[in-house]
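Position chain B relative to chain A; hints supplied.
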Amino acid sequence: METLNSFAQGILTAAAPLNLLYGFAGVFLGTLVGVLPGLGPAGAIALLLPLALHAPPLAYLIMLFGITYGAQYGGSTTSILVNIPGEASSVITCLDGYAMARQGRAGPALGIAAFGSFIGGTVSLLGVAFLAPALAEFGLHFGPPEYAALMLFGLTALVYLAHGPMDKALLMALCGSLLASVGLDPVTGQPRFTFDILVLRDGVGLTPVVIGLFGVSEVLVNLQAQAGEVFQNKIKGLLPTLQDWKDSILPITRGTVLGFLVGAIPGLNVVIATFAAYAVEKKISKHPEKFGRGAIEGVAAPETANNAASCSGWIPLLSLGLPTGSVTSLIFGALMIHGLAPGPLFIKNSPEVFWGVLGSMVIGNAMLLILNLPLIGLWIRVLQIPYFFLFPLIILFSIIGAYTASGNTGDVMIMIIFGVVGYLMKKFAYEPAPMVLGLVIGPLLETAIRRSMIMSKGHVGIFFQRPIAAFFMGAASLMLLSPLLTRRRLGHEIIEKLEEQ
Amino acid sequence: MKEIIISGFWLMLSLYLSIESYRLGLSTGNRPGPGFFPFGAAVTIGAIAGFRLLKNARPTSAVSSSESAMAGDVKLVIYVIAGMLAYVFLLDVLGFFLCTFLLVAFYSKVVAARSWLTSVSFAAAVALVSHLFFDVLLNAQLPRGLLDWLM
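Just so you know, the protein sequences line up as chains A and B, in that order. When we follow our numbering, the leftmost residue of the first sequence carries the number 6, and every step to the right adds one. When we follow our numbering, the leftmost residue of the second sequence carries the number 1271, and every step to the right adds one.
Isolated chain A, as found in the complex (with noise of 0.2 Å):
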C-alpha cells in the first residue's frame, strides 16, 4: 500500500508544470532520435549532459528518462513504415510491421506498436515500484568487497552479451576503465597518466568521450550510408480492428512479462527481449508461417516487450548503482553530476527524485499514446531531411555539448578524439557500451577493490569468502569462462540474428 502511495505521489510530482514540459521535451525528442536512423537515445543524452548544470535536477532526469523510451516509439515507425530500424530494438519489427505497411496495413501495425509500448511500458513500471525498493533494502548490506563482485559482475555481463567477440569487448571496457584512471589518483592525489596536460589532471570528462563516440562517430561513419526509401503512401486507420485486438492481446501479455524479466537482469538487454518476445510468439502461434508476411502478433510482441524492457531495465540502476549499458551509464553520470549517488541508498535519500521518475514515466507513456498517432505525418517528413542538412547540426550540437560541459576547448579536443576513436572502433567491429560503462564505473570499481584489498590487508580471497561477493565473482568467472567450454554464448542465436539484420 505504501508503494501504491509512493506512486500516486511520484505521478502527481511528475505532474508539475515544469516537470511537464521537461517530460514533453524528453518524449519528443526521443521520438526524434528514434526516428531518425544514425542519433540514438545515448548520442542524445550525451549532447544533453551539459544542460545539467542549468536545469533543475528532477525536471532534467525526467527528460533524460523520457529520451530512452521516446526512441522506443520513435525506432518502431521507421521499422513499419521505411524497414529502417530506428534503433537495435525495432530490428524485429521490421519483418512483420513493414511487411504489413507493404499490404495496405501501415496503420494497424503503428497503432498495435503504439498500444502494445503503453501497456509493456506501465505494466513493468508498477513492477519496478515495487522490485526496486525491496532489491535496494538488500542491497543495503553490501560492502566494498560486494559492489566490486557486482560491479564486474555487471561489466562481465555487458562483454558477455555483446554483438561481436567477447575479447574485444573485454579490450573496450578494460580500456574504459584505463581512461578512468586518467587524472589526480582518488587516495594519494598523485597524477595519473596527465602527461602535463593540465586538462587531464582533473580526468577524461564522461561528457566529451561520450558526445565523440556515440555523436561524432555516427556522423562520419553515416555519411557514406545511403538514404532508405521513403514512405509515400497515406496511412489510414491507425486504430486497431476488434480482430487485431482479438490476435494481439494474448502476445502483447506475454511480451509484457517477458520484457519485463529480461531487462530487469543486469546485462540482458532490450534487443535480446524483442527477439525471444519474436520468437515465442512464432513458436507457440497455430501459424507459424504466417510471421514475416504480415502478422500483427509479429509487431505486438516485440514492440510491448522492448519498452517493459526498457523500463524495466532501471532496476539494477536505481536499487544497486549498477550501469548495464550505455544508456544507463550516461543516466548514472547525470545522477552523479547532481550529487545523486545511485546504489541502495538513492530511494531512501532521493524519494521524490525516484518516484517523480517512475510517475513521469508513465505520463511521459500516455503522452507519446496521444502525442505520436498524430504525429506520424511529421515523423515521415522528418525522415525525408536529407542527411547533408542533418550532420553539420549534430556536429555543431556536439561541439557545443563538449565545450559548454567546461568551458574549454580542451574537451572538443577530447571529443573530437573520441570521435575519430569511435569511427574507428565502428569500423573494426568494436563497441563503444563497454567503453563507457568501464570509463563510468572505473572510479568506483578502483575505490571499491583498494578498500576490500586495505580491510583483508591485502589478499584476494575477500572476494571468494564473503556469499554475496563469492556468487557474483562466481556468475562473471562462469559468463567470462564458458565460451571457452561451450564455444557458445547464452542467446548467441539472437546476436546473429540481429547482425544478419
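To be clear, the hints were calculated from the coordinates, so they are not data collected in a lab. It cannot be assumed that every hint is accurate.
Unchecked claim - Per the computed footprint, the stretches of chain A lying under chain B, defined by three or more beta-carbons under 8 Å from a beta-carbon of chain B, are: (1) 63-72; (2) 411-418.
Stated by the list, open to error - Derived pair list, reagent style PhoX-like, types lysine-lysine, alpha-carbon separation capped at 25 Å: (3) A:Lys432 to B:Lys1272; (4) B:Lys1325 to A:Lys432; (5) A:Lys291 to A:Lys251; (6) A:Lys431 to B:Lys1345; (7) A:Lys431 to B:Lys1325; (8) A:Lys431 to B:Lys1272; (9) B:Lys1345 to A:Lys432; (10) A:Lys288 to A:Lys251; (11) A:Lys251 to A:Lys295; (12) B:Lys1325 to B:Lys1272; (13) A:Lys287 to A:Lys251; (14) B:Lys1379 to B:Lys1345; (15) B:Lys1272 to B:Lys1345.
Heads up, the beta-carbon is just placed ideally off N, CA and C, and yes, glycines get one too.
Below, chain B without anything else, positioned relative to chain A:
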C-alpha cells in the same frame, strides 16, 4: 594481417601502460597503490591481445570483416574532422558566431556539395539561430571573438 597489426598495437599499449602503472607504485605496505588498478587492467589487455594475436596468426581462408573495414572514400570523414579541428583552433579568435558560420558553410559546400547560395544562406541561418538560442537565450558563455564589439 590487419588483425595482427591491431593485436600488435594492443600489446605495445599494454606494455607501455604496464610500465607506467608499475612506476606509479603497485602498493604501499598492505594498501594497493595508485598503479595497482591500471596495472591490472593493462596486463589483462596484454593477455587478451596475445590471445588474439595467436588466434589470428593461424592461417584461415575466411576474409576478416576488418579486411575491408577502411575500404571506401574516407575523404568526407577527413573533411569533417578537419572542420572540427579548425573550429577548435579558431574559436577563441573568431568567436562562436563566425566559427559556426564558417564550419556549416564549409560542410555544406565541400562535404555536401551544395551550391554557394544554399551553403551560405544555410550557414548564416544556423549561425544566427544557434547564437540566439545558446548565447542569448541560454546564456551559454560562448566566446565572442572578433564580433565582441557587436554583441
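(request) Starting from lysine 287 of chain A, check that the Cα of lysine 251 of chain A is at most 25 Å away, please. (result) holds (16 Å)
(message) Just to be careful, I want the Cα atoms of lysine 1272 of chain B and lysine 1345 of chain B compared with a cutoff of 25 Å; is the pair within it?
(response) holds (21 Å)
(message) Tell me whether the statement that chain B covers the region 411-418 of chain A is true, taking a Cβ distance below 8 Å and needing three residues at minimum.
(response) Contact hint for the region 411-418 of chain A vs chain B: holds, 4 residues under 8 Å.
(message) Next pair to validate is lysine 291 of chain A with lysine 251 of chain A; report whether the Cα-Cα distance is within 25 Å.
(response) Status holds; Cα separation ~14 Å.
(message) Does lysine 1345 of chain B sit within 25 Å of lysine 1379 of chain B, going by the straight-line distance between their CA atoms?
(response) Status holds; Cα separation ~14 Å.
(message) Need the status of pair lysine 431 of chain A, lysine 1325 of chain B: alpha-carbon distance at most 25 Å?
(response) Satisfied, since the Cα-Cα distance of roughly 21 Å is no more than 25 Å.
(message) Holds or violated: lysine 432 of chain A and lysine 1272 of chain B, Cα atoms, limit 25 Å.
(response) holds (12 Å)
(request) With a cut-off of 25 Å on the C-alpha distance, tell me whether lysine 288 of chain A and lysine 251 of chain A pass. (result) Given that 25 Å is the threshold and the Cα spacing comes to 18 Å, the pair holds.
(request) Please work out if lysine 431 of chain A and lysine 1272 of chain B have their alpha carbons no farther apart than 25 Å. (result) Given that 25 Å is the threshold and the Cα spacing comes to 15 Å, the pair holds.
(message) Checking one constraint from the list: CA of lysine 431 of chain A to CA of lysine 1345 of chain B, max 25 Å. Satisfied?
(response) holds (17 Å)
(message) Can you confirm whether chain B covers the region 63-72 of chain A, using C-beta to C-beta distances below 8 Å and requiring at least three such residues?
(response) violated (count 0)
(request) Take a quick look at whether lysine 1325 of chain B and lysine 1272 of chain B sit within 25 Å of each other, Cα to Cα. (result) Roughly 13 Å separates the two Cα atoms, so the pair holds.
Violation of the numbered hints given earlier is confined to hint 1; every other hint is satisfied by the structure.
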